[in-house]
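S.K.: Sequence:
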Amino acid sequence: MEPRKRAIILLITLLLSTQTVSAGPAEAVESGVVFGGQSTEANTSATSAHNLSELPAIVEVYTATWCSNCVDVEHALDDVEENASMHQYHIHRSISEMQDPFGTDVLDARFHDRYGRYSPPAVVFNGTTMVRGSVAQSDSLQQDFSTIIEQPLDLGLGSSSFVWTPTGESQGTATWALDINMSQFGEGTLGAYLWVVEASAYFKEGTNGLENYPHIVRDMIHLGNESQGTVEVVLPAAFDDADLSVHLVYQFTPPAEEEPVIVTDVEEDESLPFLPSLATLSMIGVAAALRRPDQG
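According to our numbering, the stretch in the sequence shown is residues 2 to 297, in order.
Keep in mind that the hints were calculated from the coordinates and are not lab data. Predicted model only: the values in this text are computed from it and were never measured. Yeah, the Cβ is synthetic: ideal placement off N, Cα and C, and Gly gets one too. One thing to keep in mind: the hints can contain errors.
[As the list claims (entries may be wrong)] Here are the computed distance ranges between Cβ atoms for each label pair: (1) Ser54 - Thr166: 20 to 28 Å; (2) Asp242 - Asn182: 38 to 46 Å; (3) Val107 - Thr174: 19 to 27 Å; (4) Ala257 - Glu212: 39 to 47 Å; (5) Asp79 - Glu206: 19 to 27 Å; (6) Ser162 - Pro237: 18 to 26 Å.
Full structure from sequences and hints, please.
M.R.: Right, here's the structure in full:
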């Protein structure tokens, strides 16, 4: 192989390798706490009341049916759930998605708006701690996740009650009441939501090989920002079978930070055309080198 071609291939390899981001340790998330998890089957009436300290951990899993390493993450969470008080909520990629039928653009956008724009897998615990990727930081992913789950939210004294009454095949009445010290959160809004979850859905075309995909979040219905209330809701359709459940989840949202307005000189802006990235410039150079005939 000619030296110039070897150099070109090496350059392409280096450029592509810079696009891969390895998984890091658990990261703190500043988007607001998420808690609750009282639940029941959608076609069953139920009443529950719990102290805040008794509520399960809320584990949001950003996933996709083509994501192979998502399977490792989900299986590790299943192992942890056998000995921990937690509920999994799988949010499937949807925006610009061609292969996964389970997500919605609204749920996808909500995940990105709260936690950042990442590729699956990503796991968020109680809205406060995120783990991206599938590389364990300890001996195993199970140990990593267990360590996070064992750290309580410490919401203080208080309680939450939830009543669900089906009123039709695809609707029902949700009643909630929350007793909590709001001063611990600072400025912001605490909303009550009804998360609608499909226990499992079959999708043979999923390229990660699962075929049966569990814990699929079908909708997050905003009940209100009051500490208590009653709302009649219409449920989304299940992908298959009649296996929907409803979950009362509270989500705190801090006020949006105002980005500073940067005033720039128009003449300077016009004198500086768009500057492509280093990778783009390099790839242009590679293309030019491939087109240039040998000289000598």
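S.K.: Run every hint past the structure and note whether it holds.
M.R.: Consistency of the hints with the structure:
Distance hint check: the CB atoms of Ser54 and Thr166 are about 27 Å apart, consistent with the given range 20 to 28 Å. Checked against the hint of 38 to 46 Å, the pair Asp242 and Asn182 passes, with Cβ atoms roughly 41 Å apart. For the pair Val107 and Thr174, the supplied restraint of 19 to 27 Å holds, since their beta-carbon distance comes to about 23 Å. Restraint check, Ala257 to Glu212: a C-beta distance of roughly 40 Å satisfies the suggested window 39 to 47 Å.
Here the CB-CB span from Asp79 to Glu206 is close to 23 Å, well matched to the stated 19 to 27 Å. Between Ser162 and Pro237 the Cβ separation comes to about 25 Å, which falls inside the hinted range of 18 to 26 Å.
The structure agrees with every numbered hint stated previously.
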